Amino acid sequence: MSHGNARLSAFVSSITLLLLIAPFIGLALATPWRHFGFADGDASAIGVSLIYSSIALVLIVALGTPLAWWLARHQIRARWLIDVLLLLALLTPPLALGLLLASMYGPYGPAGNLLERAGLVLTNSAPAFVMAQFYSALPYYVIAARAAFENVPRELEQIALTLGHSPWHSFLHVSLPLARLGLAAAIALAWVRALGEFGAVLIVAYYPQGIPVKLWVNLQDIGLNAVYPLLWVFFIVAMPLPLLLGLAARRRHLF
Amino acid sequence: MRIDYRIDHPIALHAAFDVEGFTVLLGASGEGKSLLLRAIAGLTPAQGEPFHGMAAQHRAAGYLPQGYALFPHLNAWQNVAFSLRGAQRRAQAMQWLERVHMAEFAERYPATLSGGQQQRVALARALARKPQLLLLDEPTSALDPVTRDDVIAELIGEVHEFGIPALAVSHDPQLAAVADRLVLMHNRNVIQIGPPNLVYANPVNGAAARLLGHRNVHRGRIEGSRGARRLIWQDGAVAFPIDNQNDTDIEVDWTIDPEAIHLVDSRDALVEAIPATIEVRQAMGRTTQLGLRCGQSRLWASISSDTPLPERLAVHLPTGAIRCWKKDSLS
Numbered sequence: 013m014s015h016g017n018a019r020l021s022a023f024v025s026s027i028t029l030l031l032l033i034a035p036f037i038g039l040a041l042a043t044p045w046r047h048f049g050f051a052d053g054d055a056s057a058i059g060v061s062l063i064y065s066s067i068a069l070v071l072i073v074a075l076g077t078p079l080a081w082w083l084a085r086h087q088i089r090a091r092w093l094i095d096v097l098l099l100l101a102l103l104t105p106p107l108a109l110g111l112l113l114a115s116m117y118g119p120y121g122p123a124g125n126l127l128e129r130a131g132l133v134l135t136n137s138a139p140a141f142v143m144a145q146f147y148s149a150l151p152y153y154v155i156a157a158r159a160a161f162e163n164v165p166r167e168l169e170q171i172a173l174t175l176g177h178s179p180w181h182s183f184l185h186v187s188l189p190l191a192r193l194g195l196a197a198a199i200a201l202a203w204v205r206a207l208g209e210f211g212a213v214l215i216v217a218y219y220p221q222g223i224p225v226k227l228w229v230n231l232q233d234i235g236l237n238a239v240y241p242l243l244w245v246f247f248i249v250a251m252p253l254p255l256l257l258g259l260a261a262r263r264r265h266l267f
Numbered sequence: 050m051r052i053d054y055r056i057d058h059p060i061a062l063h064a065a066f067d068v069e070g071f072t073v074l075l076g077a078s079g080e081g082k083s084l085l086l087r088a089i090a091g092l093t094p095a096q097g098e099p100f101h102g103m104a105a106q107h108r109a110a111g112y113l114p115q116g117y118a119l120f121p122h123l124n125a126w127q128n129v130a131f132s133l134r135g136a137q138r139r140a141q142a143m144q145w146l147e148r149v150h151m152a153e154f155a156e157r158y159p160a161t162l163s164g165g166q167q168q169r170v171a172l173a174r175a176l177a178r179k180p181q182l183l184l185l186d187e188p189t190s191a192l193d194p195v196t197r198d199d200v201i202a203e204l205i206g207e208v209h210e211f212g213i214p215a216l217a218v219s220h221d222p223q224l225a226a227v228a229d230r231l232v233l234m235h236n237r238n239v240i241q242i243g244p245p246n247l248v249y250a251n252p253v254n255g256a257a258a259r260l261l262g263h264r265n266v267h268r269g270r271i272e273g274s275r276g277a278r279r280l281i282w283q284d285g286a287v288a289f290p291i292d293n294q295n296d297t298d299i300e301v302d303w304t305i306d307p308e309a310i311h312l313v314d315s316r317d318a319l320v321e322a323i324p325a326t327i328e329v330r331q332a333m334g335r336t337t338q339l340g341l342r343c344g345q346s347r348l349w350a351s352i353s354s355d356t357p358l359p360e361r362l363a364v365h366l367p368t369g370a371i372r373c374w375k376k377d378s379l380s
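Protein sequences, first through last, are from chains B and D.
Heads up, the working numbering is the position in the first sequence plus 12, with the first residue counted as 1.
Heads up, the working numbering is the position in the second sequence plus 49, with the first residue counted as 1.
Any given hint could be a false lead.
[What the hints assert, rightly or not] A few chain B residues that face chain D, going by a derived Cβ cut-off under 7 Å, partial list only: (1) 168; (2) 173; (3) 253; (4) 254.
Bear in mind the hints are in silico, worked out from the structure with no lab data behind them.
On a predicted model such as this, the values are computed, not experimentally measured, just so you know.
Just so you know, even glycine gets a beta-carbon here, dropped at the ideal spot from N, CA and C.
One chain only, chain B, in its complex shape (with noise of 0.2 Å):
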């Protein structure tokens, strides 16, 4: 009988693991191998991915990383507001993050009036681009991280203090390294959330344009011979951080 189960269980995953590897299989044989050429503007939107993204991921763990800890660690009267709350950031479908980005940010919303007197333009800038990013990623980063920081044993953290450690001496040397696979998870997810959004930079920030903005534009101005090079382009280089994170966190010594 398990026999049978087993069978069946890896019969079904080939099947769900075919249906995931279908489209890259698509994308492997739709490629103009022979003519394999970038459109104009590909090499600068795969810099600007890059570095905003990069710009966006440490201000998103900077911020988010505080939050997971406190929502982990401690009594909040209205945790289940704050739960509605970044429930209602995930849900939020990334084209109507954008308007609501530029209702708020745009030059006519109430906080991108005041910010661009102060000479801080949140549109279609490079502080709107990672604003974007940092909106559409940061609720997965939160929710991620506090997983992991709550899977960390109190009494490790209690025992250290114990030890003659200060409560952050406790956070960096116990909760940080018992939480590295899941913190590792997290940044990987908002990395990929990152620089993978399109709906809600499309809205905010057309210019500068990265990768996903610029696939669609190639799609547009050229066709469909134009998206894959620079598709290739894209997996290439948002693999290797979660690659690398992974890996790294699965060492004991990280930190």
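With chain B fixed as given, assemble chain D onto it according to the hints.
Using the frame of chain B, we list chain D on its own:
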């Protein structure tokens, strides 16, 4: 060292006693013993001495929680070195590991160590912090029953060697028996303090006797006039004469030493005997412990292993061997 702590939340608790050498606080689960240790370590809000009002990281208390809580991402010497600073921290950690006879396991991770080995690493880690007081939460609960006596002997030897007062909380009467000083807790009150031999010989009441692992502790009632007092044992469905009681019409806890129980043949009507059947035999070398069913309850009798059992088994409880404690309304 004098311990005097008061906790209000999550349960109300007040405990005051001295810790000398290896002191065991014995109490049933749910008494708040672990909570008391956490309070002394500064991990839960409480008022009291020592360490009044200090943050946990400033209290010179070495805390070993149940299961020892070694850091799983650090190996043995890194665990011990956790509280150490400076270039010499590895060498110092190795010295501590040597003192608890764990130097050869320095590179091993906690998951690969046995319960007793983890306990020694945790002890070294706590000692490396140079505490004034050691706090041990149920130190025997994670031990393998085969090696536990040796592990406890080693632990106590080390505590004495380091000369730091240690407070262990436990519900394990065997651990209590090896303490330098014993504190009994019942209904969140300290009910008896003393050296274990005296406490074992004279438990202050039935609850204390139960905590200490006395096997035959039962409820009963004294009735009858002077000279004709009887102990009614409802669960055993019997009553028998008792002559060493002053009060009558009172509820009591009573006990009898398993060795004092006589096994007789129920056809032998010379003495007042209680019919019994054997439920379980615990053969322990020269003596055998018999679990005897009497009515709704059980009596334990200890006999020499080569004693032949009567054909129709009954037990006789010599009056002089029975101890009674008047039940107070609290317990």
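Against the structure, the hints come out as follows:
| no. | hint | in the structure |
| --- | --- | --- |
| 1 | 168 | 6 Å, holds |
| 2 | 173 | 4 Å, holds |
| 3 | 253 | 23 Å, violated |
| 4 | 254 | 22 Å, violated |
The structure does not agree with the numbered hints 3, 4 stated previously, though it agrees with the rest.
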